[in-house]
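Enquirer: With the hints as extra help, turn the sequences into a complete structure.
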Amino acid sequence: KLGFITEEDLGVLGLPAGRVAVYLPHSFAWSGNLYIVPADHVTPLDAKAADVLKFIVSGGVAKEANR
98 KLGFITEEDL
108 GVLGLPAGRV
118 AVYLPHSFAW
128 SGNLYIVPAD
138 HVTPLDAKAA
148 DVLKFIVSGG
158 VAKEANR
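Add 97 to the 1-based position in the sequence shown for the working numbering, that's all there is to it.
Some clues are possibly wrong.
As the list claims (entries may be wrong) - With a straight-line cut-off of 25 Å between C-alpha atoms, the simulated DSS-like cross-links for lysine-lysine are:
#1 K98 to K160
#2 K145 to K98
#3 K160 to K145
#4 K151 to K98
Hints in this document: simulated from the structure, not taken from any laboratory.
Keep in mind that this is a model prediction, so the values were computed, not measured.
Expert: Take a look at the structure:
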């Protein structure tokens, strides 16, 4: 699944270190889910957030502008 790390320090929620908040947007809608996951379960991508969001919202149909 593709998503965005929205917070890396969840101490304010009383959660232990090593967990991050990850937002997974739905395709074709401006809604999504927020998950709290262990940071080591997240694989960072070398991509622009705008390109990733466009790819997700389009259901995988949109391509990068330079391709």
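Enquirer: If a hint holds in the structure, say so; if it does not, say that too.
Expert: Do the hints match the structure? See the list:
no. : hint         : result
1   : K98 to K160  : holds, 17 Å
2   : K145 to K98  : holds, 16 Å
3   : K160 to K145 : holds, 12 Å
4   : K151 to K98  : holds, 14 Å
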